[in-house]
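Visitor: Chain residues, written in single-letter form:
2 protein chains.
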Amino acid sequence: MTPDTTPAELEQALSAAAAAAKPLAASEPEVRAGWIRAVADALDAAVDELVPIAMRESSLPEARLRGEVARSSGQLRMFADVLAKGSLLEVIIDTADANAKPVPRPDLRRVLVPLGPVLVFAASNFPFAFSVCGGDTASALAAGCPVIVKAHPGHPELSARTAEVMIEALRAAGAPAGTLGLVQGYDVGVVALKDPRITAAGFTGSVPAGKALHEIAVTRPEPIPFYGELGSLNPVFVTQAAVDARGKDIATGYVGSFTLGVGQFCTKPGLLFLPAGHGLQEQLAEAAGGVAGAKMLNDRIAEGFSSGLDRLQKVDGIRVWASGGATLLQTTVGELLERREEILEECFGPVSIVVEYASEEELVSAVEAFEGNLTATLQAEEAVDAELAGKLLPLLTERAGRVLWNGWPTGVAVSWAQHHGGPFPSTVGSIHTSVGVTAARRFQRPVAYQDTPDTVLPAVLKDANPAGISRRVNGEVTTAEVSR
Amino acid sequence: MTPDTTPAELEQALSAAAAAAKPLAASEPEVRAGWIRAVADALDAAVDELVPIAMRESSLPEARLRGEVARSSGQLRMFADVLAKGSLLEVIIDTADANAKPVPRPDLRRVLVPLGPVLVFAASNFPFAFSVCGGDTASALAAGCPVIVKAHPGHPELSARTAEVMIEALRAAGAPAGTLGLVQGYDVGVVALKDPRITAAGFTGSVPAGKALHEIAVTRPEPIPFYGELGSLNPVFVTQAAVDARGKDIATGYVGSFTLGVGQFCTKPGLLFLPAGHGLQEQLAEAAGGVAGAKMLNDRIAEGFSSGLDRLQKVDGIRVWASGGATLLQTTVGELLERREEILEECFGPVSIVVEYASEEELVSAVEAFEGNLTATLQAEEAVDAELAGKLLPLLTERAGRVLWNGWPTGVAVSWAQHHGGPFPSTVGSIHTSVGVTAARRFQRPVAYQDTPDTVLPAVLKDANPAGISRRVNGEVTTAEVSR
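Chains as they are written, first to last, in this note's numbering: chain A, 1 to 484; chain B, 1 to 484.
Be a bit skeptical, because a hint or two may be false.
Heads up, the list lumps identical chains together, so a pair's fine if it works in one copy or across two of them.
Restricting the straight-line Cα-Cα distance to at most 27 Å, the calculated cross-link-like pairs of lysine-lysine (BS3-like) are [unchecked claim]:
#1 K22 to K85
#2 K194 to K314
#3 K391 to K22
#4 K391 to K248
#5 K85 to K314
#6 K391 to K462
#7 K248 to K211
#8 K248 to K194
#9 K211 to K194
#10 K101 to K85
#11 K462 to K194
#12 K295 to K314
#13 K248 to K462
#14 K462 to K22
#15 K101 to K462
#16 K295 to K85
#17 K211 to K462
#18 K85 to K194
#19 K22 to K194
#20 K391 to K211
#21 K22 to K314
Simulated from the structure, these hints should not be mistaken for laboratory data.
Here chain A stands alone, though its shape is the one from the complex:
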């Protein structure tokens, strides 16, 4: 077992992060982008060394882990690109207006600045993409914040080695010492979270751990934002027309999605709603029954899955359609509504529930039974289901951060428009995302400069705009220069 970070080591990490905050905040976007690209290159260069450690510690297969490294380095490069372009700074300029009513308006120029050191609680299920080199770290660095990662105990050696690779790359590229740090140990994470030098925290993990850490963060003497991704059921609703048109593909796609990565995705589809008489039982059971058993991420998760599965199978109205490497359960909307809390409790691992509905009204009731989720999916036929979709999409929108049409929720693209964060309990902080460009916003606060001369303004706020940054000037987005 990896020993916990000692109090002296933690103090060193915190003071180094605090010391790095100023030079990081002062660094020009294109310079900081260079540091982030250096980290991406170093990760790619270390892939042959890192992946075997990850395989040993997480039991995940090589191809998946290599894909995760590519996703992580690609994500770092995406943030570097938008950072260098000035797009993360959300520059807004209102020039002075002596004739504004009821009072004259001063010149105001707003830009986002980094919050300061960020504590990232790494997840176990993506040893790269949601861990030391994952989205929280990438977005915080892009925002200009030093990062201390609290390693997940599921992959301590990988965490340590990944951090070494990243820290060396940052050093060689000229980033301030203390830009990245790593600590190990549950209590150490709590102590760090309470430290006044930490200005925000990101978390991906279980509901109980996330809620406990959230409460610590927001009830500190100086409360800080805590962005937690906690858990999600990711229901999929299938119309009769979709079953008629492509029932078999849906069955195959569903089993593939809920068993991906041994069902250890936060976006695993936990329930599939099918019209009664769908005729897919045999195919679903066969597909699920054919899934080979695989080792889970760690013993704690395997035990949690085993007891969760046990609990779920004993709920009245739950029937087993397939078991083995993956478990497929079945119930009806009527039974689900009767035992909502028991059935709608996330079970992390390769299990999912087919829920049969008898009518469109039952389908709507089923949608309304859900609380917040990361995703909600509609499998429908555009030509036939326009009216039903018009009814369901607003209900799904109320309950989820990402609404999919004829897709599967596993797989979270890293891009500008991505949103990975839904209403509670799927996340605390549903107005923010942990994936995609706008994730950087979590670690930035705006500052407005009033009537400040061009000579002393930050470069991106000056009248001239030689880099052609997109800025909102007097209400309109433009790359033009500003005249006072």
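Use these hints to put chain B onto chain A, whose structure you have.
Guide: Using the frame of chain A, we list chain B on its own:
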């Protein structure tokens, strides 16, 4: 005394707000903008009736209150305009990319949707602009959220009558019943804050009340965002060159600013840092001594001011330069640093402290003594102070949400670039603003639609863009139509 809202009335307000959430969320931006404009028009039309009630309840003068009504109706119209243009929706579209690495990218379209019913705790010091018809209400309505205002007990009749005017305007314009509600009573506000139908809260008031309500909001079974503006010292730092160039103007401007509205602005400059030997004592004392006494907002605030002033005057190293209608105190940076906590405690009312510094190093130390503030101001001469300003502006940026050059912090322009929110303790939620267009973001969460056909997408996300909304498409801001 106005009786508290009864439990039955509160239940009625909450269920009406919950019922209004869906139709408000579904309303087209230009339609909702029309409702908001109707409220603005109704307020302007009622100004002659409302201002006398406000004068009686707040002791504030007529001209100031008329200006506040104009500010409030103007603010509502600003939100209506940007809402109608689609600018509040932050549309981001990434079209599908089959060649994206490491995996193909789906079509993703992100838009902001309203959170749901918002509880607004009104302030006492701006009976219009930060009360029932103030910025929190305006921004929440623009976001598409129903609003329940918890009236400030300082102006209960004005609150009730303002709400009536607004509710009638909303009704006549066709807005859903329950779009706006009003409740009275401290305990009632707490009960409402704990209600699961409330999805976010805005607050302007004291540090203790704000901290207590914040804790309730974030430790509910379902935590909600709480945006609180709590208190601020708003220091002003004056260079030697500025004193040399325009010392007398600075003295006059300062006294005018800290005594504006009987010193009852959250942006009141609480401290003025002057170089030792500034030679302005006589003029400052004369200006402050000449300020006529005026009644404060209410007895509780008057008592708080009286005891706060008493406490402050007894702090070692504090000297009195003027007293009467306004109190001007004096100390030195050395003394301030020795008794930092005692001297840097906000005293709400017409008092401010001149702090003398002996050297540039002392000035820097003084800046570094501050925690979070809404504003920080530098009075300097561009031609002489470039180097000093280059040193001080980053320090001020770390500590404040708005940094002013040669201005006074009282007066908060309502515009796109405004930011009214600083690091804790000036606000909880320093990444958000309570004034300016971006205030609406506090009450919206993103939703991303994946691979959803044009026919069923919300209008603003469809390929065609007939209204010419600014959208970020594949990374670039454009008003053009999208091709899949």
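Visitor: So, for every hint listed, does it hold in this structure?
Guide: Hints and how they fare:
1. K22 to K85: within (21 Å within a copy, 38 Å between copies)
2. K194 to K314: neither (41 Å within a copy, 34 Å between copies)
3. K391 to K22: Between copies only: 12 Å across, 51 Å inside.
4. K391 to K248: within (25 Å within a copy, 67 Å between copies)
5. K85 to K314: Classified as neither; 55 Å inside a copy, 54 Å across copies.
6. K391 to K462: Answer is between; shortest inter-copy Cα gap is 18 Å, intra-copy 48 Å.
7. K248 to K211: neither (40 Å within a copy, 56 Å between copies)
8. K248 to K194: neither (52 Å within a copy, 47 Å between copies)
9. K211 to K194: The answer is both: 15 Å in one copy and 17 Å across copies each meet 27 Å.
10. K101 to K85: Answer is between: at 21 Å across copies they meet the 27 Å cutoff, but 35 Å inside does not.
11. K462 to K194: neither (38 Å within a copy, 45 Å between copies)
12. K295 to K314: Classified as within: same-chain Cα gap 24 Å, cross-chain 70 Å, threshold 27 Å.
13. K248 to K462: For K248 and K462, the Cα distance exceeds 27 Å both inside one copy (59 Å) and across copies (30 Å).
14. K462 to K22: within (21 Å within a copy, 43 Å between copies)
15. K101 to K462: Intra 26 Å, inter 37 Å, cutoff 27 Å: intra-copy only.
16. K295 to K85: neither (43 Å within a copy, 53 Å between copies)
17. K211 to K462: neither (43 Å within a copy, 38 Å between copies)
18. K85 to K194: neither (35 Å within a copy, 43 Å between copies)
19. K22 to K194: Classified as within: same-chain Cα gap 21 Å, cross-chain 39 Å, threshold 27 Å.
20. K391 to K211: For K391 and K211, neither the intra-copy (33 Å) nor the inter-copy (41 Å) Cα distance is at most 27 Å.
21. K22 to K314: neither (56 Å within a copy, 37 Å between copies)
Consistency note: the structure conflicts with the earlier hints numbered 2, 5, 7, 8, 11, 13, 16, 17, 18, 20, 21.
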